[in-house]
Each structure stands twice: as C-alpha cells, then as structure tokens.
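Chemist: As they're listed, the protein sequences go chains A and B.
Numbered per the working numbering, the first sequence finishes at 262, counting up by one with no gaps.
Numbered per the working numbering, the second sequence finishes at 262, counting up by one with no gaps.
Watch out, some of these pointers could steer you wrong.
Which copy is meant is left open, so a pair is good if it fits within one copy or across any two.
Unchecked claim - Result set (BS3-like, lysine-lysine): computed pairs, CA atoms no more than 30 Å apart in a straight line:
id, residue 1, residue 2
1, K210, K250
2, K254, K43
3, K194, K225
4, K188, K154
5, K172, K254
6, K81, K228
7, K220, K258
8, K12, K117
9, K194, K57
10, K210, K225
11, K210, K119
12, K12, K220
Honestly, the hints are just simulated from the structure, not real lab data.
None of the values given here were measured: they were computed from a predicted structure.
2 protein chains.
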Amino acid sequence: MTDEKNSLSFEKELDRFLPGISVDCVILGYNEGILHTLVLKWKNLDVWSLPGGFVFKNESIDNAAYRVLNQRTGLENVFLKQFETFGGMNRVWNASSKNQHMMQVLMDQMHFDNQHKVKNWFQQRFISVGYFALLNMEDAKPIADFLSEECTWKRVDELPELLLDHSEMIHKVLQHLRNQINYLPIGKELLPKKFTMMDLQSIHEAILQKSLDRGNFQRKILSLKFLKRHEKLMLGAQNKAPYLYSFNEKVYMKSLQKGLGA
Amino acid sequence: MTDEKNSLSFEKELDRFLPGISVDCVILGYNEGILHTLVLKWKNLDVWSLPGGFVFKNESIDNAAYRVLNQRTGLENVFLKQFETFGGMNRVWNASSKNQHMMQVLMDQMHFDNQHKVKNWFQQRFISVGYFALLNMEDAKPIADFLSEECTWKRVDELPELLLDHSEMIHKVLQHLRNQINYLPIGKELLPKKFTMMDLQSIHEAILQKSLDRGNFQRKILSLKFLKRHEKLMLGAQNKAPYLYSFNEKVYMKSLQKGLGA
DNA sequence: TTTTATTTTGTATTATTGACACAATAAAGC
DNA sequence: GCTTTATTGTGTCAATAATACAAAATAAAA
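Please construct the entire structure, taking both the sequences and the accompanying hints into account.
Modeler: As structure tokens, then:
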C-alpha cells in the first residue's frame, strides 16, 4: 500500500479505537549471547519507540497487543504477556516542545484528509498497557508501520533514547525477566527448535547478567528431564560436536509451573 | 451529604473523568488467622463488588487507586500496588440481562439530573487497572460510597458472588501474594505495630495455605534481624506471655529486597 | 508451688549450591 | 590411524540451607 492509502485508512480507523488507551510491546529476541528488542524509527525523525498501537472497540487488550506483535513480526503463536500498565501524567505528547515539534514534522509529511482529527488523537493522554514477547530472532521479519521508516532489532544494552517512558518499560521488563526466569519459557521461546546446552546457558547468563558454572547448570537442567537429546550435528569445527537438544514441551511446562529452582 | 447532593455532584464529575478507564482495589486485611477483603454492597441490590472508581483527567492511575482506597478506608500511607489490567470484551454492564436489570434498579433510586448521561457512562466498556492494598484491619473504618449501602470486610474464603470479573481479580491477587510473599511487607502492613511471633507466622500460613514449623520459622525470621523485641506484655492468660515484636523498618525493607528466602 | 503454654535451643537428617577438576568422547586434520 | 581440540558427563568436597522432632528454660496466673 502507498503511504497515502495507509494514512487515509488509519484516519478512518481512528473512530473504531477506544480513546485514551494504547498497548506497547517489548519484543525480545536473543542472538549470540545478547538480548535484543524490536524498535521503530519514526519517519524522517531521530525518534525511536517501542512498537505499539491502539485497541479496537471490539477486541480485548490482549488481542490488540497480539495484533501489534503480529504486524511488526509477521509471526503467530508467540509468547506474549502483560507486565504493567503505565498511567502517569507524563504520558502526553505535548509534554515537551520537542515532542510537539516531532508531531508537526510527522503531520507535514503524511497525507491525512483531516489532519486536525489525527493531531487531536495523538494529543490525548494515553494509558498504555505494557506487554512483553519472547521469540526467536531468526523467525521474525521486522516490518515497519506506516509512521516508521525502520523496524529493527537493537541490543538491549545499546538502546537509543526512546519516546516517552518506553525506556522505563524495557527496564521494567528486564527486571521482571530476571525475577521470573525460572517460571518463564525462556528457552523454548527465544531459541530455535534445536540448540546446544551452551545456547541455553548463555540466555540465562544474558538475563541474569552473571556467569554460571557449566557443570552445575547442565546437571540441574538435565535433572529436570525436559530436554530431548538429538543425533549430533553442529559440525564444522575441529572438536567434538556439541549435542543438540529440544524441549519436551509437556514436561518443560510442568517444570516451569514449579519453577526451575534458584 | 444527602444522596441527592451526592448524585448530582457525581453526575457533574463525570466530565472530569477519563472515559473507559477504571481502577479496582483488592483491599486486604488480616484478622485472627484469616485474610479479609473489603467489598461493597450496592444499594437495594443483592450485588457485591470491589471498591473501584474512575480516573480524573489530571491525575495518574496510581493516584486514582489511592484516592479510592482512601475514600473507602479513611487511611493514608497505605501499601498499594498495581497487579494487573483487565481488558477483556466481557467487561461491560450490558453483558447480561441481570446486569441490565441492576442498572435500571440503580437508576430508579438515584436522583440524577440527566439520567441518560449517567446510564451511558456506566454502559461504556471499561478497561480496569487492578490494585491491591495491604493494611491493618483495625485501622480502617470502612465507608460506603453513595451507590452502596454497605462497605464491609469479608473472609476471602467466603466471598459472595461478585460483579463482572471481580472474583477473578481477587483470585489473581492471592496467587500473586503467594508468589511474592518473601518480597512484600506483609507483616508490617497487615499487623498492628506490636505483634507476637505467632501472629506473623499465622499470616504466612494464611497466605501460603499450609502450616509451618514454629521453631524453624522463628529461627529464620530472627536470623534476618529486622524484628525488635519489646518488654513483654500480652498478659491475661495462664501461661507465659508471648513476646511482642515490632519491625525495624530500615532493616526489614532491606531484607525484603533480597527476599526472605523460600 | 503448680499449671500452662510460650520461647529457646539442640540435633540429626536431608537437600541444595558453588567451585573445581578429570576422564571419556567425537570431529577434523594430518 | 593418530593428534589436536573442545564438548560432555561425572565426581568430589565444603558450605549452606531446609526439615522434622524434641527437650529445656521461662514466665504468667491460679
């Protein structure tokens, strides 16, 4: 679709959204020892933000978040969970003159029939429900929305300044992840179907921000009996090829309910 | 204030609220081994609900929840925390004919200038942000709002059927409490200033729904060094008077950040 | 002084964790 | 084959924590 068509269809959609409510998604992926999150760069602006969206009058907020996630990644059946709702008085575009300028630049380059209506929409105070998703980076094909020129992964430890309170959101999610690591399907969601034990350990290390003992980690994980070991692969190096594992989902989920233990 | 005045002032306030957003509070208190929560009975209706309210356009959602809590209990400086936001499509009054009937009974007995406006307000779909509070039951003087004939404590294990998804909210809070018991100022908030070790243990037992070994519980708690032992009191029985303890708040809060351990 | 129930302490047992290390294994290269 | 290399499966040891039970010390009231 062209920009113009997109602009017009968005403008029409505005009436179908609940006013004053938005969802924002912290979409986390993992690659080579580093956690990444999906961010959008606004068109012709040096402004980055989390993927977000609005809630249709006839859908649940969970559904709205899922829709956003799906539109930015093309994926379905992704792990997605609400973590906190943000409703401070600071959540308004006109909070700063910088934001107001951004809004003007935005309006100037789009093709809205009724610019006033769109501007008013964005100048509402939004209560935003924060969600986080876990997925395998290799599966996702980041897709920008019509207000953005780029949708891309960034290392969570090298994020640009983000719109409004979006940095705080990411910070809160990472905190949450650390607290809940033993109760979340971290491995299953962030890794490909088959992976090595070192991959799994690296994720835990990335989230906990500390290194773990290989032997002890392996012993604990294997003792929980939710990994299935496959025929070896992962060739190409002059050493013993690491085993590949996959999750026995049924057992894994049961283990997670009890927690994997500190 | 009379009912009529209350009705009219509420009606006027409607314009100052954010549309489609509400807060609901699960206010928890503890007494004699049992957790209680504050519920409201709607006027001349066999309908119970959690204390809730709406969000002024110029206040944060945290503030709105705090205002509701304050108005129902008369208390300030209470522990209050957001736990989850509820935004399913089922969150509408006209979901059932029973609800619609309730609304009619409600309207008939109130004195609104513009009944239509008020009715429309309540027939919105609300996204509700759930909060929970912990407080000492003896401090609070439950105060009904102008739509309710009663505001009272009920044992959480003997709750009446509640409006909309309010039962689910309480269920979720209790679950959350069990998970977070080692990180929340349970004792400080739910107990009076001075209490016995058995009081504290009973709260933990009430939340975890299982009995704990007295000796071990005492040893662990005392080892964390956040309790101050007072001159003995608690007289009146033909036995050794239990010691009274109080919290050294500074140390207690530090312990909670690390967690009290499984 | 006796009764009563609380509080303190002890102890034996069993799990859990962390740090370190070694032998077995298998792929690749020669 | 044999060597090199890094992975993998185990083993150990000490330190710490959790669990179950029980005896002894304590103090209030009768």
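Chemist: With reference to the structure, classify each hint as holding or not holding.
Modeler: Hints, one by one, checked against the model:
Taking identical chains as interchangeable, the C-alpha atoms of K210 and K250 lie at most 30 Å apart whether they share a chain (29 Å) or sit on different chains (28 Å). Taking CA atoms no more than 30 Å apart as the test, K254 paired with K43 passes in neither setting, with 45 Å inside one copy and 46 Å between copies. Taking the shortest Cα distances, K194 and K225 sit within 30 Å of each other inside one copy (16 Å), while across copies they are farther apart (48 Å). Taking the shortest Cα distances, K188 and K154 sit within 30 Å of each other inside one copy (21 Å), while across copies they are farther apart (42 Å).
With identical chains, the CA atoms of K172 and K254 are at most 30 Å apart both within one copy (26 Å) and between copies (20 Å). Taking the shortest alpha-carbon separations for K81 and K228, only the intra-copy value of 27 Å comes in at or below 30 Å, while the best inter-copy value is 41 Å. In this assembly of identical chains, K220 and K258 lie within 30 Å of each other by CA distance both inside one copy and across copies; the values are 14 Å within and 23 Å between. Proximity of K12 and K117 under a CA criterion of 30 Å is satisfied in both settings, with 10 Å inside one chain copy and 27 Å between copies.
Taking the shortest alpha-carbon separations for K194 and K57, neither the intra-copy value of 41 Å nor the inter-copy value of 51 Å comes in at or below 30 Å. Proximity of K210 and K225 under a CA criterion of 30 Å is satisfied in both settings, with 24 Å inside one chain copy and 28 Å between copies. In this assembly of identical chains, K210 and K119 lie within 30 Å of each other by CA distance neither inside one copy nor across copies; the values are 46 Å within and 56 Å between. Taking the shortest alpha-carbon separations for K12 and K220, neither the intra-copy value of 55 Å nor the inter-copy value of 62 Å comes in at or below 30 Å.
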